[in-house]
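**Q** Here's the letter readout for the chains.
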Amino acid sequence: EAAVTQSPRNKVTVTGGNVTLSCRQTNSHNYMYWYRQDTGHGLRLIHYSYGAGNLQIGDVPDGYKATRTTQEDFFLLLELASPSQTSLYFCASSGQGANTGQLYFGEGSKLTVL
Amino acid sequence: GEQVEQRPPHLSVREGDSAIIICTYTDSATAYFSWYKQEAGAGLQLLMSVLSNVDRKEEQGLTVLLNKKDKRLSLNLTAAHPGDSAVYFCAVSNMGYKLTFGTGTSLLVDP
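These protein sequence lines map, in sequence, to chains A and B.
When we follow our numbering, the leftmost residue of the first sequence carries the number 1448, and every step to the right adds one.
When we follow our numbering, the leftmost residue of the second sequence carries the number -13, and every step to the right adds one.
Hints are computed from structural coordinates only; laboratory data are not their basis.
There's no promise every hint is true.
Said to hold, decoys possible - Capping the alpha-carbon separation at 27 Å, the derived lysine-lysine pairs in BS3-like fashion look like this: (1) K23/B x K55/B; (2) K43/B x K55/B; (3) K1557/A x K23/B; (4) K1512/A x K1458/A; (5) K23/B x K54/B; (6) K55/B x K1458/A.
Unchecked claim - Covered by chain B, per the in silico footprint, the following chain A stretches (three or more residues, Cβ under 8 Å): (7) 1483 to 1494; (8) 1503 to 1509.
No experiment lies behind these values; they were computed from the predicted model shown.
Even glycine gets a Cβ: it sits at the ideal position worked out from N, Cα and C.
With the hints as constraints, model all of the structure from the sequences given.
**A** Here's what the structure looks like:
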């Protein structure tokens, strides 16, 4: 079973604050993804990457940056957090890309922006 | 881009009854279809996936039906039990590198 670990699990910040969400996977997967989950919207893709140093834009990228420093580590950065970014964030990884449908998810990071 | 609608948003059934969740999608090039389960406080876990050349797949009390003509995907839990209570998501791909998820169905199975 693929292991995907997210930190922090819970974060509270204020409007304009700086937040970094971290994700590490330990199964040598090439693809990593950041999603946000909101009621009524399901999961929406923010950014994804298919290797160290690579970054691809997802469907809802505004207000987010991401960086893939190694094959294992993928970070999501909110440099000027806004209340609209209050959400549950999931990191996922995949060995062959989403065209196989087999994503392995972390347990989520709940972010609250006051 | 791909649009996926999922219904119902909430579903309550008695233990032993069947529960059916339906997704419709818009992109005729969609070729990969999957269902995920999310238990409380956890991430999503893959339940089952099918390619577009499969119309029906059954595994361990779950049945996935794919109607490509109507662009409809369904998940049938044939004899639900309380452990099936969770949020279920469909997810589709046109063989690119990302999945598009449905909006989720919260299933409650009463004992």
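**Q** Work down the list of hints and note, for each, if the structure agrees.
**A** Hint check:
1. A distance of roughly 26 Å separates the Cα atoms of K23/B and K55/B; the hinted pair therefore holds under the 27 Å criterion.
2. Distance restraint check for K43/B and K55/B: the Cα-Cα separation of roughly 17 Å lies within the 27 Å cut-off, and the hinted pair is therefore satisfied.
3. With a CA separation close to 19 Å, the supplied pair K1557/A and K23/B stays within the 27 Å bound.
4. With a C-alpha separation of about 17 Å, the suggested pair K1512/A and K1458/A falls inside the 27 Å cut-off, and the hint holds.
5. Straight-line distance between C-alpha atoms of K23/B and K54/B comes to about 23 Å, which keeps the hinted pair within the 27 Å bound.
6. A hinted pair counts as satisfied when its Cα atoms are at most 27 Å apart, and K55/B with K1458/A does not qualify at roughly 45 Å.
7. Against chain B, the segment 1483 to 1494 of chain A contributes 6 residues with a C-beta closer than 8 Å to a partner C-beta. That satisfies the three-residue criterion, and the hint holds.
8. With 3 residues having a beta carbon nearer than 8 Å to a beta carbon of chain B, the segment 1503 to 1509 of chain A meets the requirement of three or more and the stated coverage holds.
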